[in-house]
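*Asks:* Sequence:
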Amino acid sequence: MTGTRRKARQLALQALYEIDSVGHDAEEVVTHLLANERLAEENSAFISELVGGVIHNRQKIDQNIQNFAPAWPVEQIPVIDRNILRLAIFEIIFDNKVPVKVAINEAVELAKTFGSDSSSKFVNGVLGSVSALAKR
7 MTGTRRKARQ
17 LALQALYEID
27 SVGHDAEEVV
37 THLLANERLA
47 EENSAFISEL
57 VGGVIHNRQK
67 IDQNIQNFAP
77 AWPVEQIPVI
87 DRNILRLAIF
97 EIIFDNKVPV
107 KVAINEAVEL
117 AKTFGSDSSS
127 KFVNGVLGSV
137 SALAKR
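Residues in the sequence shown are numbered consecutively from 7, following the working numbering.
No lab work stands behind these hints, which were simulated from the structure alone. It cannot be assumed that every hint is accurate.
Lysine-lysine pairs mimicking DSBU-like chemistry, simulated, CA-CA at most 35 Å apart [claimed, not checked]:
#	residue 1	residue 2
1	K107	K66
2	K127	K66
3	K107	K118
4	K13	K107
5	K13	K118
6	K127	K13
7	K66	K13
8	K118	K66
9	K107	K127
10	K103	K13
11	K127	K103
12	K103	K118
13	K66	K103
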């Protein structure tokens, strides 16, 4: 189960990266992405939920990033790190379906896989501060 959820988060991150960097329509990006993957309906729905949730709450999520990483204007954070943070903050503050530690761990693993050498430390530090807001 963890493997399929991690793969779903990777695909959600891929969609968010494309939406953020190229400006494509979120629904079209997700539809195209899912058409190229063989996923269980549950995981397809999870990806759509994550991407839709981040897009819907992006302004509030970005405000949290700004509050907890004030030295880094959100638009200056590398695109991959910014979207890993958005995904995790959505799961921690807005979605509340996974334990905070799981959301942080998944984000750090995404940062290790797709980010720069310092991404995982940056993501972990910001999310450690954000986790204080979680109502759990």
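*Asks:* Run the distance test for K103 versus K118: straight-line Cα separation, threshold 35 Å.
*Replies:* Holds - the C-alpha atoms of K118 and K103 are around 23 Å apart, at most 35 Å.
*Asks:* Are K13 and K118 close enough, with their CA atoms no more than 35 Å apart?
*Replies:* 14 Å, holds
*Asks:* CA of K107 to CA of K127, is that 35 Å or under?
*Replies:* Holds, at roughly 15 Å.
*Asks:* When you check the alpha-carbon spacing of K103 and K13, does it fall within 35 Å?
*Replies:* It holds: about 17 Å lies between the C-alpha atoms, which stays within 35 Å.
*Asks:* Hinted pair, alpha-carbon criterion (35 Å max): K107, K118. Please report holds or violated.
*Replies:* Judged against 35 Å, a Cα distance of about 16 Å means the pair holds.
*Asks:* If you draw a straight line from the CA of K66 to the CA of K13, is it 35 Å or shorter?
*Replies:* This hinted pair holds, its Cα atoms lying about 26 Å apart.
*Asks:* Keeping to a limit of 35 Å between CA atoms, is the pair of K66 and K103 held or broken?
*Replies:* Holds: K66 and K103 sit about 18 Å apart, inside 35 Å.
*Asks:* Is K118 within 35 Å of K66, Cα to Cα?
*Replies:* 25 Å, holds
*Asks:* Measure nothing beyond the straight line between the CA atoms of K107 and K66; if it is 35 Å or shorter, mark the hint as holding.
*Replies:* Distance of about 21 Å is within 35 Å: holds.
*Asks:* Starting from K127, check that the Cα of K66 is at most 35 Å away, please.
*Replies:* 23 Å, holds
*Asks:* Are the Cα positions of K127 and K103 separated by 35 Å at most?
*Replies:* 24 Å, holds
*Asks:* Can you confirm whether the C-alpha distance between K127 and K13 stays at or below 35 Å?
*Replies:* 21 Å, holds
Going through the hint list in order, the structure satisfies each hint without exception.
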